[in-house]
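Q: The whole structure should be built from the sequences, with the hints applied where relevant.
These are the residues of each chain, in order.
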Amino acid sequence: MAATLNSYAAEWERAERTHSRNRPAALTRIRESALHEFLSRGFPTARDEEWRFTSIAPIVDQTFWLSSEPAAGTLDVDIDALRLPGTPAAELVFIDGRYAAALSRHPTLPHGVRVESLAAAVASRHQAIALALTRVAGFEHQPFIALNTAFLSDGACIELAEGAIVEQPIHCLFIATGPVNGEAPMSHPRSLMLLGPNSQASVLTTYAGPAGATYFTNAVTEIVLGEHAVLDHATLQHESASGYHVDAIHVQAHRSSTCTLHAINTGAALARNDVVASLNGEGIECTLSGLYLADGQRLVDNHTTIDHAQPHCTSREIYKGILADRARGVFNGKIVVRPDAQQTDAKQTNRALLLSEDAQIHTKPQLEIFANDVKCTHGAAVGQLDDDALFYLRSRGLSAADARQLLIHAFAADVLARLPIVPVRARVEERLRRHLAGARLAA
Amino acid sequence: MLEIRKLRAGANGREILRGIDLSVGAGEVHAIMGPNGSGKSTLARVLAGHPEYQVTDGEVRYDGQDLLAMDPESRARAGVFMAFQYPVEIPGVNNTYFLKAALNAIRGARGQSELDAMEFMTLVRDRMAHLGIDETLLNRPVNEGFSGGEKKRNEIFQLAVLEPRLAILDETDSGLDIDALKIVAQGVNAMRQPDRAFLVVTHYQRLLNYVVPDFVHVLADGRIIRSGGKELALELEEKGYGWLETTVGS
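Heads up: the sequence lines are chains A and B, in that order. Count along the first sequence from 1, add 8, and you get the number used in this note's numbering. Count along the second sequence from 1, add 891, and you get the number used in this note's numbering.
Since the hints were derived computationally from the structure, they do not count as laboratory data. There may be inaccurate statements among the hints.
To be verified - If you want the ones that stay clear, here's a sample from chain B, every Cβ over 12 Å from chain A, calculated:
| id | residue |
| --- | --- |
| 1 | Arg1016 |
| 2 | Ala1020 |
| 3 | Leu1029 |
Claimed, not checked - From the structure, some residues in chain B lie toward chain A, with a derived Cβ separation under 7 Å:
| id | residue |
| --- | --- |
| 4 | Ala939 |
| 5 | His941 |
| 6 | Arg968 |
| 7 | Val979 |
| 8 | Gly983 |
| 9 | Ala992 |
| 10 | Ala996 |
| 11 | Ile997 |
The structure presented is a predicted model; accordingly, all values stated were derived computationally and were not measured. Note that the Cβ used here is the ideal one computed from N, Cα and C, for glycine as well.
A: Here is the structure:
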């Protein structure tokens, strides 16, 4: 691992020599201390409880490079197929984590709404932005967040003033490039979403890359919801089947806000998603829904934490996984109910559908309840396709393949139906079909 | 149309059917009666191709084809339909979508063109009206949350839409009140025609008051112990199954 850490240190130094001149000192200090944290602790290992079932050896064992070229025109990705149909409020496109103005769209935004690249936000308001960064997603004991913070330079920055409402969705599209001369690229997108009191927004964040390309995306998103703010955020992780995706979304929610997060994972050789929602006011409604699909030898790991710190909050969590071939899934759902958080109403469900004998799921609900007047339930179910249902469909003339497809689709249907942006549903359904058509299904 | 010879079948290593012989001609309605555990439903499921049952001996010819060699969907496409005793609830699968996919799969196998959405809805509305089925049922997931009676009516509705040549009704009457039973029977009677056969599996004679069979067969312990006309059903109702089991006394 030491060799890898050295390579990250060397990349950091190299980037520092090239870019540090225009950077505000406050940001440099954050980057330096994050690098120090990362280098002193290194990557997590299987001995770390949070990483027990997810070996990150494929990431640790290779060297990734910051791509030095500015966004190239010869991108091997069909961007138009990834764009949000219709007219989004804004569409920010990033190539290897770097904002690509020419590919982005900025229709007129309503008053009080700022959508720009983090780099631009830092350039124009470095003190305010530096103050906001790392407040929600701290990097102590968080190796990947530390790594992201060490390389922090760009990402999406969305700010809504008090009472601002964006009706159309905002799309953040992160596209990775593939290896150049055998050097696989990495990116560390850092996004901020700051919603003032009574504001409302719907945000879609898409991650993708060239089919079959090896690269490493290590994203961190920090979200602050003011009082009565409403956010619906969906992550579509469509990375290349040889890509590595590590993603942390940390939310700080205040009184009576509504936080809905969707996590749709269909890509990556290895995907690890951490969602941490801190409910720091009364009357917050937090909904986490997830759908993950893995085939081949891929691995998808979802770790979620909902921290009920104040009374009268409601959280609903539903994660569903579909695992084919030799794929593996990990689900760890932690719900913390602190002593003050009376009248908490928390419900967690996670279900996995195993389509082959060799597919595996490690699932663990983790409830830590320190208040006595609360309602907390959790349920986990792992199963195969229902033989009786399969027979019923086939007895009406549907082929075995169509019957399976229909049942798999039905399994995912309720999570998909929650996605507020309708074209996104169709896009995910298409991914499901495409992946499962190639997967070896259990007879 | 259907020729069953010396059929032996079971599940989980336990033999249930111990040599069934039965001929069903086009246009005929055959009732299979018998006490619980006699093998009536097993016979229905074996004919539909339920994977839980293994055939150990004998053969089944359907229009000259080896029915037992066909997978369930091929049987359905060839015109075999079983109305389930316990229709399966399938959350997340829309009833209309399912029925349209089924109908078009069957039409395709018959060399007919697929119905478009408009043609399909016209057909479906017509069949629903005949069976007194509420249209809201179409937009619900298959059988999910249906009452027992709704599930049974939905089976007959599917039968009416898919228009099979051999319809097997597996205890379709169980759990239906008398009004629902009459509606179901009307639906079945409306489907009777010279090129379509029915195999009506039932425990009670009640349904046969409304769907009058041409032949009645009594099944006990995996064998047909008596065959006769429709009057056999009345006799059974009067004297009970015990009468036959003792008189035949094997």
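Q: All hints, please: hold or fail.
A: Evaluation of the provided hints:
no. : hint    : result
1   : Arg1016 : holds (19 Å)
2   : Ala1020 : holds (21 Å)
3   : Leu1029 : holds (15 Å)
4   : Ala939  : holds (5 Å)
5   : His941  : holds (6 Å)
6   : Arg968  : holds (5 Å)
7   : Val979  : holds (4 Å)
8   : Gly983  : holds (3 Å)
9   : Ala992  : holds (6 Å)
10  : Ala996  : holds (4 Å)
11  : Ile997  : holds (4 Å)
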